[in-house]
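J.: Here's the letter readout for the chains.
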Amino acid sequence: MSLAITNLKKRFGDVQALDGISFSVAPGEVFGFLGANGAGKTTTMRIALGLLRADEGSVTWQDRPTRSWPRRTWGYLPEERGLYGRMPVLDQLVFYASLYGVPRDRARRDALHWLARFRISEYADRRAETLSKGNQQKVQFIATILHDPDVVLMDEPFAALDPVNVALLKAAVLEMRDRGRTLVFSTHQLDMAEELCDSVAIIDRGRLVTEGPTREVKRSAGRQVVRLATSDDHDLSWLDELPHVKVTRPGRDYTELHVDADGDPQTVLRAAMGRGESVLQFEVADPSLEEIFVERVGAIDTTERTLAAAPAEVAR
Amino acid sequence: MSDIANVITVARREFLTRIRTRTFVFGTVLLLAGVVAIAFVPIIVQYLEGNGTEEKVAVWVGTPDLATDPVPTLDALLNAPTGMPGAVPGAGAGGFAVSSVPDLGSAREAVTAGTYVAVLGIERDQGGELEFTLYTNERATGRTSQLVQQASNAVTIADRLERLGVTPADQASLFAPASYEVAWPEPGRTDPPEGSLEAGSSYLLGFGMTILIFMMIVLYGNWVAASVVEEKSSRVMEVILNAATPFQLMAGKVLGVGSVALVQFGAILVAGVAALLLQGRVAELVLGPAAGGVDLPEGLTIGMLLAFVAYGVLGFLLYAVLYAAAGSLVSRQEDVAQVVMPMALLSTAGYIIAVYASTGLLDIRAGWMVLLALVPFISPFLILSRIVAGEVAPWEIAASLVLLVGAIVVALWIAARIYAAGVLIYGQRPSLRTIWRLARTGM
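Protein chains in written order, with my numbering: chain A, 1 to 316; chain B, 317 to 759.
Simulated from the structure, these hints should not be mistaken for lab results. C-beta: ideal position from N, C-alpha, C; glycine also. One or more hints might be untrue.
Said to hold, decoys possible - Just some of the chain B residues that point at chain A, by a computed CB distance under 10 Å: (1) Val-357; (2) Leu-382; (3) Thr-384; (4) Val-387; (5) Glu-546; (6) Glu-547; (7) Ser-550; (8) Arg-551; (9) Val-552; (10) Leu-557; (11) Asn-558; (12) Ala-559; (13) Ala-723.
As the list claims (entries may be wrong) - From chain A, some residues computed to sit far from chain B (all C-beta separations above 10 Å): (14) Arg-119; (15) Pro-243; (16) Val-294.
To be verified - Restraint ranges, calculated between C-beta atoms of paired labels, are given here: (17) Lys-133(A) <-> Ile-335(B): 53 to 61 Å; (18) Ile-354(B) <-> Arg-119(A): 28 to 36 Å; (19) Leu-585(B) <-> Pro-163(A): 45 to 53 Å; (20) Val-166(A) <-> Leu-585(B): 36 to 44 Å; (21) Leu-585(B) <-> Asp-14(A): 49 to 57 Å; (22) Gln-654(B) <-> Asp-198(A): 44 to 52 Å; (23) Asp-14(A) <-> Trp-752(B): 18 to 26 Å; (24) Ile-335(B) <-> Gln-62(A): 39 to 47 Å; (25) Leu-112(A) <-> Leu-585(B): 40 to 48 Å; (26) Leu-112(A) <-> Pro-710(B): 43 to 51 Å; (27) Ile-335(B) <-> Arg-215(A): 38 to 46 Å; (28) Ser-288(A) <-> Gln-654(B): 24 to 32 Å.
One chain only, chain B, in its complex shape (with noise of 0.2 Å):
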């Protein structure tokens, strides 16, 4: 009998086991919904937007000297995109809907009785300005109010330049913005400046990785230590001890549950992507073909999904090691949340340092955080992070792995030791001179 195939035989029966469960079942299509529901949110809510609050706004106009129709522009300027950073196009939409009325006093009615939000007059003043009132029920701090009054200087504007002789053609290139940009001081230098939209979601991209990684591990290296435990704890371990050895048990164990992981990243990954991909379709039937499209993530490029993968793989490896000789150790559950509390601490601090890092916290480009970068229990959270900042150059990512590799056969070895005498140890649970020992003489 070959190493391999109790590896894969141990391995076999964990994947099976754990896939055949219900928590694991429920677990994972709840999961699945929520992501796809995330993904399709902008449509949901544009979907509701557009149909649910619709704000009728009815305008009159009491001067017949307008030289351009004021519904067509309060249209625009009420139901301008918000402009908030990410914002889907279309998302940012007001809902109003402008239209005229020829009669002021029965608008005003139909405002009272609700057909109407709002009615505006504009009428002329005798010194030639325009006049705005907006008869409404609404505060008049409220939204509709405030979006209003910003049209209505527009529109006065527009009005005065026409009356000095400016054509409206000669408006609109009034009126283009001015080029303005944010550069980064180094010379050919260019990768997107800090807080630019580009840079905002990349760096959100990293964020969300480095969250599914710290999940992964912390999550699944919990399960590998308990299923460890239960071994223990039903005494299955005596029996299969004495079929394999404990480096195989070990081994199929953290490849079991790592794929089980895979099997629930990976569907969680292809439905998000897929529904990321197929939002415009959707938004198309739903919202009728003017809606826009939307784009994969700004950053997600192949080489980020290689990154994250072998990332996430490779420090799911590392943790699940030790967490199975953490598990080892003690023979009852409750004695687990104890046992693994080193490996707990040193993903949560590599976690946090990267949360920092992303968000700015912490200077992602200092020097300590390139050697941090490297370092084998914290690089899989915080080099994806500085990937997407654009700061990593190729050495570092190739360092980090070597690196990475190389503390997981260190990891092998020693936890293959403790986990070769741990697991015939009953009742107290060993201090860490023990561990130590054990690691040393291995059995």
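The following block holds chain A by itself, in its conformation from the complex (with noise of 0.2 Å):
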């Protein structure tokens, strides 16, 4: 039932851009598709749209080929924001919506609703141009909802947003799912997913790093951290010696440790208590998916492997 990817391949000339990706998505689920740079995330998005062709693989929703849907069932926000430029803000949002068979007049009070709730009711007649980048992403956003698809794919849908327009648009994921949508997006920005997706894949150079619903994904790695603050933090040679335990992040307000697969954080805690000193803190979590990714996959590369060149390739 779920957007299953199985045994992607794909490759540009020289350059193997997915070597037998696999993952799924469940149904009304906010799915992170983490990677760097050119890992293959937008060729992915696009195999998964029907817009490129897969060398090798399927992409199926519910059990059928995602090209034999309705063009309506998705909704897509690509990583280069595509407005026209000369074209009045409603009026594009009017035209997108309708190639998606909404009828005029719907698409129009919708787009106005829209618009309202991104605070952006005053650039409706506006040319797109003249609006800034954060701006006419949110218009991106809702050219890419204003059909109510059922599956969302979205390339990076938080970059050039200030806080407060992140804080907007993570409302309207959120309640998407809410009413049953699927939203799939690729960021390389860890903690927006950390916080927002229900599970997560991580990829890198075209293959299939992790998956799974980001609570396991985090646990994967078998180690837990524990964030610690006592009295007396001046000496913390103890707690190198106690066994499975390394600090990691010696600090000011607290120290923070991972206790490995074998060891238990409530030695830790005994521990402490047993040198007299009063815990001020303890706390017991997960690592955080930046932990895990750079495990993992090594630092993130900010090297330019763009993807939108990457399909460049065929010209060869």
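Take each chain as given, in its own frame, and dock them per the hints.
T.: Take a look at the structure:
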């Protein structure tokens, strides 16, 4: 019943963009698609939407190939913003929606509603090119969901947004999920994914690194994070002597330790109390997605191996 | 969502966006003004000549025995139409006002003062012949002098005939022109001979229509390509590609731009024809009731107009889908000119052949011309020249239309495949080999 991506392979010239990617997205969840630039996120999305053809593999939604579903099933927010610069905002929103078969008057009404919700009503009759990047981004999001698609795929939707707009967009995403829509978005902002996603997949250089519910992915490392603050933080050497414990971040407010799979965080607490110090803070948590990512993939690669340029390889 | 609805949605946006641009509005208004101005040029010229440049010529007759008054004769001869082909009646009039004066001396003073351009003195010498003297500040070889000299010859001949006893009525039949005709060597052939007035004006018409079709294809074809590139470079393509198929996008674009072309050309045609039809009435208003009406150009028949519309529309469709496919291959406006080169060359070749054929530089009756007029990329230009030349058999028109429609279907199929793959290519310009592969595999 899910959006199932099975063994996708795609080659552009010399570059193997996708090398057997498989994962599935359950209906009604927010799914994070994580990877560095050039990992294959955009290519996977384009194939899922039928804009590109895979060399191998399949993408199905509710057991039918994604291409066989009506176009209005899908909403797509590409990474590069695509608006007609010289066309008024409202006109192009109505245009996009009517391509999906939404009657013009309904599209108009819904568009005005969304513009108000995103606090950009006053730009309805302005040409798109006169809007700021962040506002164009919001218009683009409205264009993506105006026809109320069942599955929404978004490529880096939070890029170029300030914190206020990020919050507006997050609220919209969660509301759509609550209405039973399935939302997939790619990002390299891992804290965003951690906050928003029910499940995630991490890919690197066209291969799947890990996937699953966010919680399980975070636990997959098998270790736990302990944050500890005591009345006497000056001497931390006793922590290093505990088995299965590693101090990762000595700090002023608290000290962060990793307790590996064989250890028990409670031994840390007992040891601290045994030293006669008063424990001000003791917290057991899963490692962050960022830590998992860095551990599995290495630091996020900032060198550009840009996604959009990849299909140009066709031209060879 | 059916195919057609999306095609219409895309076409509608394209159309509305284009006709709302300032360049389109100004361009159309300018073109309309130009067409109307050209249509009224003869009247304007006549008006200016009639008022501004009237030349007064005085006639002083110094002999009492002239049988006929020379003033009306001179007037008629000086103001006779120049006989240029295609001249509008009255436009060739000399603009002379001829009147008789009683006194040569004061008339000569009046010439010096500028009241008259010239005064013509007519006397009889001892031999009985008429003697003409033109008193004027103009050059002896000027237009006035030459026309007056010709008119004087006529007056002299009439006078000599008079003295020989030929009555004025007989003189008229004496000078009636001979009946003379040019005809084709083949019996039964009735179309107007080459170079005749009638044929000349329909050649001109076919020529004009060919120019219009060529302009439409090149102008709006480029527009289609630029519009595709605009969607690519603004990355709108990726968004709308999720909603509509490449074929719908391409068809909508071609139809949208095509409708803009139809509107613009329709407006020009309507304005032009209306101006021509109104010419007579406007001429009456401006020049007075004597001015003759103006007819539609010879050869402008319903059939001709239908052929013009059919070949214009089909020719545009054929080229436009290829322009769209070409546009899909590049992602920057700067690269458009390069990638539409094949279409530009092909249409220019067709156009030049048609121009040479209608102006007689190429023999329009040659066998290879018959074949060429069937070739889809050439026929929209060439066939009109052949139609006005009266050279086309009905089967030729039918065959060329069928071939043209067939070519559009094939071009549409190839272009849609190139377009489908091309629209997501960004970066370098694809090679011929790539284009071939795209056309074969589609993606």
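J.: If a hint holds in the structure, say so; if it doesn't, say that too.
T.: Each hint, compared with the structure:
1. Because the smallest distance between the Cβ of Val-357(B) and any Cβ of chain A comes to about 38 Å, over 10 Å, the interface hint for this residue is violated.
2. Look at Leu-382(B): its Cβ only gets to about 79 Å from chain A, farther than 10 Å, so that hint breaks.
3. Proximity of Thr-384(B) to chain A is violated relative to the hint, the smallest CB-CB distance being about 76 Å (cut-off 10 Å).
4. Of the supplied interface hints, the one on Val-387(B) is violated, with its beta-carbon coming no nearer than about 70 Å to a beta-carbon of chain A, more than 10 Å.
5. For Glu-546(B), the interface hint holds, since its Cβ comes within 10 Å of a Cβ in chain A; the closest pair sits about 8 Å apart.
6. Hint status for Glu-547(B): holds, given a least beta-carbon distance of 8 Å to chain A, under 10 Å.
7. Satisfaction of the interface hint for Ser-550(B) is found here, the shortest Cβ-Cβ separation to chain A being roughly 6 Å, below the 10 Å cut-off.
8. Taking 10 Å as the C-beta cut-off, the interface hint given for Arg-551(B) holds, the closest approach to chain A being about 4 Å.
9. Using the Cβ-Cβ criterion of 10 Å, the hint placing Val-552(B) at the interface with chain A is satisfied: the shortest such distance is roughly 4 Å.
10. Because the beta carbon of Leu-557(B) sits about 6 Å from the nearest beta carbon in chain A, less than 10 Å, this interface hint is met.
11. With a least beta-carbon distance of about 4 Å to chain A, the hint placing Asn-558(B) at the interface is held under the 10 Å criterion.
12. A cut of 10 Å between beta carbons decides the hint on Ala-559(B): the least distance to chain A is about 4 Å, and the hint holds.
13. The interface hint given for Ala-723(B) is broken, as the beta carbon of that residue sits about 27 Å from the closest beta carbon of chain A, more than 10 Å.
14. For Arg-119(A), the non-interface assignment is confirmed: its Cβ lies about 23 Å from the closest Cβ of chain B, beyond the 10 Å cut-off.
15. Every Cβ of chain B is farther than 10 Å from the Cβ of Pro-243(A); the closest lies at roughly 54 Å, confirming the non-interface assignment.
16. Once the 10 Å rule is applied to beta carbons, Val-294(A) is consistent with being away from chain B; the minimum gap is 31 Å.
17. Separated by about 30 Å at the C-beta atoms, Lys-133(A) and Ile-335(B) break the suggested range of 53 to 61 Å.
18. Between Ile-354(B) and Arg-119(A) the CB atoms are about 55 Å apart, so this pair departs from the stated range of 28 to 36 Å.
19. Hint check: Leu-585(B) to Pro-163(A), Cβ distance near 59 Å, so the stated range 45 to 53 Å is violated.
20. Remark: the range hint 36 to 44 Å for Val-166(A) to Leu-585(B) is contradicted by a beta-carbon distance near 56 Å.
21. Taking the beta carbon of each, Leu-585(B) and Asp-14(A) are about 55 Å apart, inside 49 to 57 Å as hinted.
22. Checked against the given bound of 44 to 52 Å, the beta carbons of Gln-654(B) and Asp-198(A), roughly 49 Å apart, stay inside it.
23. At roughly 21 Å, the beta carbons of Asp-14(A) and Trp-752(B) sit within the given window of 18 to 26 Å.
24. One distance hint, 39 to 47 Å for the beta-carbon pair Ile-335(B) and Gln-62(A), holds here, with the actual separation near 44 Å.
25. Our hint of 40 to 48 Å for Leu-112(A) and Leu-585(B) holds, since their Cβ atoms are close to 41 Å apart.
26. Separation of Leu-112(A) from Pro-710(B) is about 58 Å and departs from the stated range, judged on CB atoms against 43 to 51 Å.
27. For Ile-335(B) paired with Arg-215(A), a C-beta distance near 57 Å fails the hint of 38 to 46 Å.
28. At about 51 Å, the beta-carbon gap between Ser-288(A) and Gln-654(B) misses the expected band of 24 to 32 Å.
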